[in-house]
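**Q** In order, the protein sequences belong to chains X and F.
The numbers in my numbering rise by one with no breaks, and the one at position 26 of the first sequence is 26.
Throughout, my numbering is defined as the position within the second sequence, counted from one, plus 58.
Don't read these hints as lab results, they were simulated from the structure.
For clarity, every value in this text was computed on a predicted model and none was experimentally measured.
Careful, some of the hints might be misleading.
[As the list claims (entries may be wrong)] Think about it this way: if two alpha-carbon atoms lie no more than 25 Å apart in a straight line, the pair counts; the simulated SDA-like pairs of lysine to any residue are:
(1) X:K43 <-> F:L565
(2) X:K43 <-> F:R501
(3) X:K43 <-> F:R337
(4) F:K443 <-> X:S5
(5) F:K180 <-> X:D51
(6) F:K271 <-> F:T245
(7) X:K42 <-> F:E591
(8) F:K180 <-> X:E48
(9) X:K33 <-> F:I144
(10) X:K43 <-> F:V215
(11) F:K578 <-> F:V560
(12) F:K583 <-> X:E40
(13) F:K505 <-> F:L565
(14) X:K43 <-> F:E582
(15) F:K580 <-> F:M513
(16) F:K174 <-> F:T332
(17) F:K381 <-> F:V215
(18) F:K583 <-> F:F148
(19) X:K33 <-> F:Y499
(20) X:K53 <-> F:N159
(21) F:K443 <-> X:I17
(22) X:K43 <-> F:F590
(23) F:K180 <-> F:K505
(24) F:K381 <-> F:L252
(25) F:K271 <-> X:I17
(26) F:K381 <-> F:Y465
(27) F:K174 <-> X:A49
(28) F:K176 <-> F:Y465
(29) F:K439 <-> X:E48
(30) F:K543 <-> F:V560
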Amino acid sequence: MFGISDFGIWLVYLLCIASALLCLIYGIINWNKGGNDENELKKDAMWEAEDSKIEENI
Amino acid sequence: MTVQIIVIVVYLAIVGYLGFLGFKHTKNSSDYLIGGRKIHPMVMALSYGATFISTSAIVGFGGVAAQFGMSLLWLTFLNIFFGIFIAFVFFGKRTRRMGHNINAHTFSEFVGKRYKSKFIQKFSALVIFVFMPLYTAAVMIGASKFIETQLNINYDVSLFAFSLIIAIYVFFGGLKGVMYSDAFQGTLMFVGMLILLVSVYSGLGGLTAAHEKLGALFANPDAAGMAMAPPGFVGWLNMPASGSIAAWVVISSVVMGVGIGVLAQPQLVVRFMTVKSDRELNRAVPIGGLFILMMTGVAFIVGPLSNVYFFEKFGMTAMAYAKSIGSGSEAIIPAFLNNFMPSWFSTVFLVVIIAAGMSTISSQFHAIGTAVGRDLFYSRKKGEKQNMLLSRVGMLVAIIVTILLAYVLPSIWNDSIAIATGLFFGICAASFLPLYVGALYFRNISKKAAIWGMMSGFTSSMLWMMFVHSKESAVLKICDLIFGKTTIAPAGTIVSYIDPIVISLSLSIVVTVVASLITKSKFEKEHIDECFEGVGK
Chain X
1 MFGISDFGIW
11 LVYLLCIASA
21 LLCLIYGIIN
31 WNKGGNDENE
41 LKKDAMWEAE
51 DSKIEENI
Chain F
59 MTVQIIVIVV
69 YLAIVGYLGF
79 LGFKHTKNSS
89 DYLIGGRKIH
99 PMVMALSYGA
109 TFISTSAIVG
119 FGGVAAQFGM
129 SLLWLTFLNI
139 FFGIFIAFVF
149 FGKRTRRMGH
159 NINAHTFSEF
169 VGKRYKSKFI
179 QKFSALVIFV
189 FMPLYTAAVM
199 IGASKFIETQ
209 LNINYDVSLF
219 AFSLIIAIYV
229 FFGGLKGVMY
239 SDAFQGTLMF
249 VGMLILLVSV
259 YSGLGGLTAA
269 HEKLGALFAN
279 PDAAGMAMAP
289 PGFVGWLNMP
299 ASGSIAAWVV
309 ISSVVMGVGI
319 GVLAQPQLVV
329 RFMTVKSDRE
339 LNRAVPIGGL
349 FILMMTGVAF
359 IVGPLSNVYF
369 FEKFGMTAMA
379 YAKSIGSGSE
389 AIIPAFLNNF
399 MPSWFSTVFL
409 VVIIAAGMST
419 ISSQFHAIGT
429 AVGRDLFYSR
439 KKGEKQNMLL
449 SRVGMLVAII
459 VTILLAYVLP
469 SIWNDSIAIA
479 TGLFFGICAA
489 SFLPLYVGAL
499 YFRNISKKAA
509 IWGMMSGFTS
519 SMLWMMFVHS
529 KESAVLKICD
539 LIFGKTTIAP
549 AGTIVSYIDP
559 IVISLSLSIV
569 VTVVASLITK
579 SKFEKEHIDE
589 CFEGVGK
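Hey, can you work out the whole structure from these sequences and the hints?
**A** Rendered as structure tokens:
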């Protein structure tokens, strides 16, 4: 197929495209899932404040 | 050349302006969290992709693909499946939540705090500080080689010019890769590679015709005689013969080393923690997957197909052409673009390559700087100013070592980019992967198991490189000094071609598992509960 006769190459050519499609489908299905709750937001805010301090130090 | 320099200057001005905008935006935002939330997932994913894929992948491994053929596409598959899907879905979310729970800001701090071990924190930071410059140098070589070919200047001058660009970029705060400028670079890379793919296939008469021409090329005894690949290579459109030297080089070094090694890359692990929520990670998966396909996928298709172009014009294969101009495989992609693509495209691609280099190098220096300042030498007693100074001195040392390595390595190794990249990825995977997976998934794993696994992986990696894997042992010369030969592997066997990662990663996994079974976790329940709070929900 597509001028490729070796099974290993042909397979990986398709696997590359298939794995990118898997990523695409996963993203579409989970596009709006995974927001943070209140408690996590607080922790994240503290983490980010400290991270920006480290950034300034460098 | 004037046009090319003008294009580079305009590009750098845009990147600088975007960097400044991003900087101002962050500074003015009273609430970092809300400010950050406005960042589009497309911007986040492209910036991650631009960090992930560098000149090393496009120029270095693209050249290796020209030599070894499309079997390199297995690396693209692993990059997408492990580097994006598994990394984001199974590692990213847990890393982000756990990292925030224990207030970790670097990879070393993450594993150090999770295992309550200063030793793990400092040792892993030391590995990053000592070995990351090798990988950074590989990226620098890729970009400098490209500039050398495109502007037709000496490699040393090109390296100096690129180092200067990097120094200015880092100095003006592009260190962590300001999201917008990174995303701009990512977009450039995507469009550049898309144009390259279409023009290479259409230049050979379409998809099937191009593959048929490449298949027929190996049937030509003149071309096959100039393949310059190790025994076991049976064509650019074929997998190497199983168990042969070519198979071990492709599968163990390139595919496994870099494909699996990506999971334990400190500068990528940190990216997960800076993401705002799991939702951003979910949204980054499709964009990241397509981006990697377009980057390494295209490079590993164009590389092998370049043989047809080189043979039609010069009567020699891509690798033979590279040798004829006194270079290794890393000269192939730049030479291909120079000879067979319109000059406007080469100019655009020059910018693409500089973009790919800059976004990766900035995150590498960031990882080195934080390893020194936060993990290796940090002390509350020293005060803010002294800690800051240490970070900067450490980073300066790393930058100087990197430039020196980029200067020296091409004269030591023919495929310096691929070897240096594989070496760093291999060390990271063998030393860190088992303890990183253990940290994320196993509540009962003990501190001892993590340390033993890390040390066995690191030590065996080093020993294998010094005494067995001839690519490194021939350069390090320690084996020669002690035993009077480059490798202690039995002559005539494939042992000296087996990449360190195969041995050392297997060993560190076994040691970590066995040690987990025979030692008891002594962590308090509160600590483990704190680490895993909200993880895996």
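**Q** Are any of the numbered hints broken by this structure? If so, which, sorted upward?
**A** Per hint list: 1, 4, 6, 10, 11, 21, 24, 28 violated.
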